[in-house]
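Novice: Listed below are the residues making up each chain.
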Amino acid sequence: MRLLAIDTALAACAAAVCDTNGGIIASESELMARGHAEALMPMIARVMAKSGISFDQLDRIAVTVGPGSFTGLRVGVSAARGIALAARKPAVGVTTMTALAAPFLAEDDTMPVLVAIDARNDQGYMQAFSTGGHVLLPAQLGPLRTVAMLKLGPMRVIGSAAKRVAELLPADQVVASFDRPAPDIAWVAQIGSAGSADNPPKPLYIGTPSAKPPPASQLLRR
Amino acid sequence: MVVLGIETTCDETAAALVERHADGTGAILSNIVLSQIEEHAPFGGVVPEIAARAHVEALDQLIERALYDAAIPLEEIDAVAAAAGPGLIGGVIVGLTTAKAIALVLNKPLIAVNHLEAHALTARLTGVAPFPYCLFLASGGHTQIVAVLGVGNYVRLGTTLDDAIGEAFDKTAKMLGLPYPGGPQVEIQAEHGNSLRFKLPRPLARRDSADFSLSGLKTAVRLEAERIAPLSPQDVADLCASFQHAICDIVMDRLTMGLAYFLTHYGKPTALVAAGGVAANQSVRRALNIIALEAGAKLVVPPPHLCTDNGAMIAWAGAERLALGLIDDLGASPLARWPLDTVKHTPQPRSEPPR
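One line per chain: the protein sequences are H and Z, in this order.
The first sequence maps to residues 3 to 224 in the numbering used here.
The second sequence maps to residues 500 to 854 in the numbering used here.
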């Protein structure tokens with residue numbers, strides 16, 4: 003299966019054309035804190051040109067849907083859905099959590115993996131996968147220190163908050179920690195090729211908007 | 500030429516197909532608007548995060564619907580245009596990125612349209628409006644008097660120093676316990692209110708500029724309301740009528756200044772063109788009629804569904820720019836702030852290919 007994979011959810015802007023049989027055909031990845039909205043589409047144009055594959059010849063578009071930066075999610079998901087619309091190809095969403103965990107589980111799925119993505123102010127997006135890749139702890143947003151209270155057993159910690167989470171955990175619970183600012187784009191394609199393409203990708207925000215309805219006017223006669 | 504237009508700068512997700520004929524006239528082939536009023540109503544105003552989330556999930560289907568209604572396959576459009584600002588950045592990103600994606604896949608020109616420019620040019624889609632003309636744009640997000648001298652050639656004569664007029668309507672409504680969106684509610688209440696009961700200020704009256712200031716008026720309404728609270732239904736109606744009366748006076752005074760400046764610098768305008776949701780207010784429209792009459796200019800008010808945010812105006816502005824060769828590249832930036840007089844109006848030389 004041939005895919006165009008896109009990731010703008012975290013600290014990188016990345017695009018790749020992949021063949022699930024032959025691996026990466028063309029790819030680009032650049033670390034950036036901001037500027038995804040400007041950088042992504044020219045990058046996709048370059049990667050497509052370099053791959054020698056037309057949009058027509060793609061089977062799918064895979065995109066990271068989060069959790070991550072809200073702006074980044076909107077850039078990536080809008081791009082994927084726009085390309086899907088124009089090329090008449092399905093687009094699928096891949097969570098940043100699975101994309102970060104996958105290479106580690108592929109290497110050794112007998113040791114649990116905790117993904118921890120920095121969400122600023124000592125908060126993090128966290129999800130744990132147990133042996134065989136089963137979800138041990140569903141994706142959630144919360145203070146990083148809460149993981150110290152979970153007794154998940156020895157595991158590998160991965161993501162932009164991995165180092166800090168590893169420090170918070172008892173030493174015997176951490177086998178190793180891997181600082182990863184963003185997923186490997188080849189794995190986004192790999193995961194995107196599996197499973198159904200029936201539902202268009204939607205940003206995975208985790209949490210609702212913080213706006214509160216205002217109090218009713220106090221000036222009226224009751 | 501047929502242009503797809505995408506609008507996502509505030510709380511309407513919109514897509515449209517517009518055709519521009521060789522003689523410069525236009526026709527709307529389809530125009531789909533999905534309003535988010537229901538999502539924002541409990542908050543008494545537009546919540547940017549809620550707006551951004553709604554745009555992402557609705558836009559592609561809306562574009563398909565616009566294509567279906569126009570009976571034109573996407574491959575047959577000549578260009579794709581999106582509002583690239585000014586507006587709520589989360590939504591602008593969604594619309595512009597989607598437009599870029601379509602432009603890339605189909606290898607069509609992209610036009611990153613200034614949302615205010617689209618309002619300014621709408622009068623040329625719905626009728627004959629030769630340059631130069633004077634635009635009065637008043638909505639929940641913008642309040643401007645603009646000299647429209649040509650496509651891409653705009654001079655802002657006046658703007659609001661604080662709140663937009665539509666915002667003042669909405670905030671007044673909210674304060675008086677009226678549902679969102681408040682503008683139409685204030686107008687309904689004002690119909691049976693006494694517009695002379697409350698003495699409200701006309702900020703910047705007769706000041707030698709065409710700028711607006713509304714926050715003092717809004718505060719004055721609040722102080723009057725608090726002074727006589729608890730409010731009876733008649734009190735609410737009288738406050739609304741007095742507020743709307745003040746708005747009309749302010750609009751007439753500021754536009755008189757703006758049109759005088761226009762006359763001195765650009766000659767007689769061919770028309771006074773109104774745009775934005777506030778132009779749907781009948782009292783404001785009467786005020787505009789008086790001002791246009793005094794200035795000897797024709798008043799042009801596009802139909803209400805083209806005065807408020809829509810995709811057709813973006814497609815039309817895109818078509819007008821495309822006709823002049825004004826296209827953008829895939830690196831175009833979404834902009835939260837984008838003053839109208841910084842819009843480029845000569846084709847940019849192609850940048851040197853990277854070495």
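FYI, nobody ran anything at the bench for these hints, they're computed from the structure.
Every value quoted in this text rests on a predicted model; they were computed, and no experiment measured them.
A virtual CB, placed ideally from N, CA and C, is assigned to each residue, including glycine.
Don't take each hint at face value.
[Said to hold, decoys possible] Non-contacting residues of chain H with respect to chain Z, defined by C-beta distances greater than 10 angstroms in every case (computed):
1) Gln-59
2) Val-79
3) Thr-100
4) His-136
5) Ala-188
[Unchecked claim] Restricting the straight-line Cα-Cα distance to at most 30 angstroms, the calculated cross-link-like pairs of lysine-lysine (DSSO-like) are:
6) Z:Lys-698 <-> Z:Lys-673
7) Z:Lys-767 <-> Z:Lys-698
8) Z:Lys-797 <-> Z:Lys-767
9) Z:Lys-670 <-> Z:Lys-698
10) H:Lys-214 <-> Z:Lys-717
11) Z:Lys-670 <-> H:Lys-214
12) H:Lys-204 <-> H:Lys-52
13) H:Lys-214 <-> Z:Lys-673
14) H:Lys-153 <-> H:Lys-165
Novice: Give a verdict on every hint.
Specialist: Status of the hints after comparison with the structure:
Remark: the non-interface label on Gln-59 of chain H is consistent with the geometry, its nearest Cβ contact in chain Z lying 12 angstroms away (cut-off 10 angstroms). The beta carbon of Val-79 of chain H sits about 6 angstroms from the closest Cβ of chain Z, which is not more than 10 angstroms, so the claim that it is off the interface is violated. With a cut of 10 angstroms on Cβ distances, Thr-100 of chain H stays outside the contact zone with chain Z, its closest approach being about 20 angstroms. Every CB of chain Z is more than 10 angstroms from the CB of His-136 of chain H (nearest about 29 angstroms), matching its label as outside the interface.
Every C-beta of chain Z lies more than 10 angstroms from that of Ala-188 of chain H, the closest at about 22 angstroms, which supports listing it as non-interface. For the suggested pair Lys-698 of chain Z and Lys-673 of chain Z, the alpha carbons sit about 20 angstroms apart, so the restraint of at most 30 angstroms is met. Of the pairs offered as hints, the one joining Lys-767 of chain Z and Lys-698 of chain Z is violated, with about 35 angstroms between alpha carbons and a cut-off of 30 angstroms exceeded. About 11 angstroms separates the Cα atoms of Lys-797 of chain Z and Lys-767 of chain Z, which keeps this hinted pair within 30 angstroms; it holds.
With a C-alpha separation of about 19 angstroms, the suggested pair Lys-670 of chain Z and Lys-698 of chain Z falls inside the 30 angstroms cut-off, and the hint holds. At roughly 23 angstroms between alpha-carbon atoms, Lys-214 of chain H and Lys-717 of chain Z fall within 30 angstroms of each other, so this suggested pair holds. As the CA atoms of Lys-670 of chain Z and Lys-214 of chain H are separated by approximately 16 angstroms, the hinted pair is consistent with the 30 angstroms bound. Restraint check for Lys-204 of chain H and Lys-52 of chain H: the C-alpha separation of about 28 angstroms stays at or below 30 angstroms, so the hint holds.
Distance hint between Lys-214 of chain H and Lys-673 of chain Z is fulfilled; the C-alpha atoms sit about 15 angstroms from each other, no more than 30 angstroms. Taking the CA atoms of Lys-153 of chain H and Lys-165 of chain H, the gap is about 18 angstroms. The hint holds against a cut of 30 angstroms.
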